[in-house]
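Construct the complete structure from the given sequences, taking the supplied hints into account.
Protein chains: 2
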Amino acid sequence: MNRSKRDKTVEKPLTPRQREILSFISEHIDINGFPPTRSELSSHFGFRSPNAAESHLKALDSKGVIRLERGRSRGITLTTLAQASLPGTQRTNLPLIGRVAAGSPVLAQENIEDELRLDAGLFHPRPHYLLRVEGMSMRDAGILDGDLLAVHRTPEARDGQIVVARIEDEVTVKRFEHAGDHVLLHAENPDYAPIKVDLRRQALAIEGLGVGVLRRFAES
Amino acid sequence: MNRSKRDKTVEKPLTPRQREILSFISEHIDINGFPPTRSELSSHFGFRSPNAAESHLKALDSKGVIRLERGRSRGITLTTLAQASLPGTQRTNLPLIGRVAAGSPVLAQENIEDELRLDAGLFHPRPHYLLRVEGMSMRDAGILDGDLLAVHRTPEARDGQIVVARIEDEVTVKRFEHAGDHVLLHAENPDYAPIKVDLRRQALAIEGLGVGVLRRFAES
DNA sequence: CAGAAAGCTGTATATATTTACAGCACTGCT
DNA sequence: AGCAGTGCTGTAAATATATACAGCTTTCTG
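Those sequence lines, one after another, are chains F and D.
Quick note on numbering: the numbering used here labels position 130 of the first sequence as 130, and the sequence is numbered without any gaps.
Take the position in the second sequence, starting the count at 1, then add 1000; the result is the number in the numbering used here.
For the record, the hints were derived by calculation from the structure and aren't laboratory data.
With a Cα cut of at most 25 angstroms, we get these calculated DMTMM-like pairs of lysine to aspartate or glutamate:
hint, chain 1, residue 1, chain 2, residue 2
1, F, Lys63, D, Asp1030
2, F, Lys196, F, Asp159
3, D, Lys1196, D, Glu1170
4, D, Lys1058, F, Asp30
5, F, Lys58, D, Asp1030
6, F, Lys58, F, Glu40
7, F, Lys63, F, Glu27
8, F, Lys58, F, Glu20
9, D, Lys1196, D, Glu1168
Stretch by stretch, here's where chain F covers chain D in the computed footprint (C-beta under 8 angstroms, at least three residues):
hint, stretch
10, 1022–1034
11, 1071–1078
12, 1122–1133
13, 1143–1157
14, 1208–1218
Some chain F residues well away from chain D (every beta-carbon gap over 12 angstroms; in silico):
hint, residue
15, Arg19
16, Ala52
17, Lys58
18, Ser62
19, Lys63
20, Pro95
21, Glu134
22, Glu168
23, Thr172
24, Tyr192
For every residue, glycine included, the Cβ atom is placed at its ideal position computed from N, Cα and C.
Okay, structure coming up:
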């Protein structure tokens, strides 16, 4: 047989579902500081049996993206392989996002202006990228034009938090407030009115949470 | 004595033993990817009772360096406080200066509140320490109460630069302006008048130059 | 010296967690 | 058709973990 395929390492063609699982594990570690249990996985994905999670984990383990430790609770480790196939985990190099082109994902290659080496542990929860803030709408929160906002990716926000939100393809930084069917996005500057988003009519996505600010004074 | 109620948790003078425990937890996370259990802690330190670990954890929690989650196995989270109070392994450790006691050198041991690991190359020129800014006198420059000012030590300043100045034993952050025999230290807030220093009568020392600002949003 | 706080031992127990066994439905191959 | 792989449900243990209660040293301090 001339299958000249040296399939020694058949690589890891993760299924879409498996990618979701892996992704969740990574996020869980990011947010909580430790991996999820089988039942936490199950309740997140709606499995009625912890065994669904178990078999996914085994599959991920045999594909080499995670490592399971027998007998230890939360004994899940992401391998370097996993880090490669996931966006923005645990990296020391935080991408610096400049202007976000309308409609493109924040972390799209075209939006990455630079990469900054920075101890990700400085902020908590861990930031996934730095967003260059444009305009003075958050002036009174001490966030000025050109400042870098450290952003932790998560779709959940609580009232009072500073969020990176996307309204109909436009990305903006505001203070979040939830009110029934509406969401209020407050600027921190009397010159700007709060943005009222009707969730029934407009698409609103929380791209992430501001976890810190970084400003570099211009050299002169 | 009205101590400012800035810190929601109690003080934080970790005992040497507690530091050891904290250190081990941090290492365990680094190596294994998840925190240790009570019994893993116990077997590492030779405790014969898991309760020894338990009470240490509770102490660390009440001192604010870790956060325990009830009912979750390995539910231990390092707070940013912990990251600062742990021995920095690789990056440059910038001392974090809190309140500067009148008359003491800025970098005197007594003024060092913490150490932050952070890529010093982030700012230019290279910062020597981080100074926690008190008060709102620089508000309109986007420097708020509690912000960390990255400071490069140098006795020379040019007009318009943000400096850390010492006037007769008092340390302050202001914008620098030189005018003949006088120096003007401008606040960036209309509520504060500029400070006019007569160099012939008063001692003025430039402690350093602000090279950047770092703000960490409070965990919630 | 009393009392508090740090550090432990020892015992228990309710839960949290892992993990095996047995199946069912669906898909893409061969 | 048959077989392997993916994705699940359901049930059941074994065992890993968290965590309360009771008490015993030291050390330090008012």
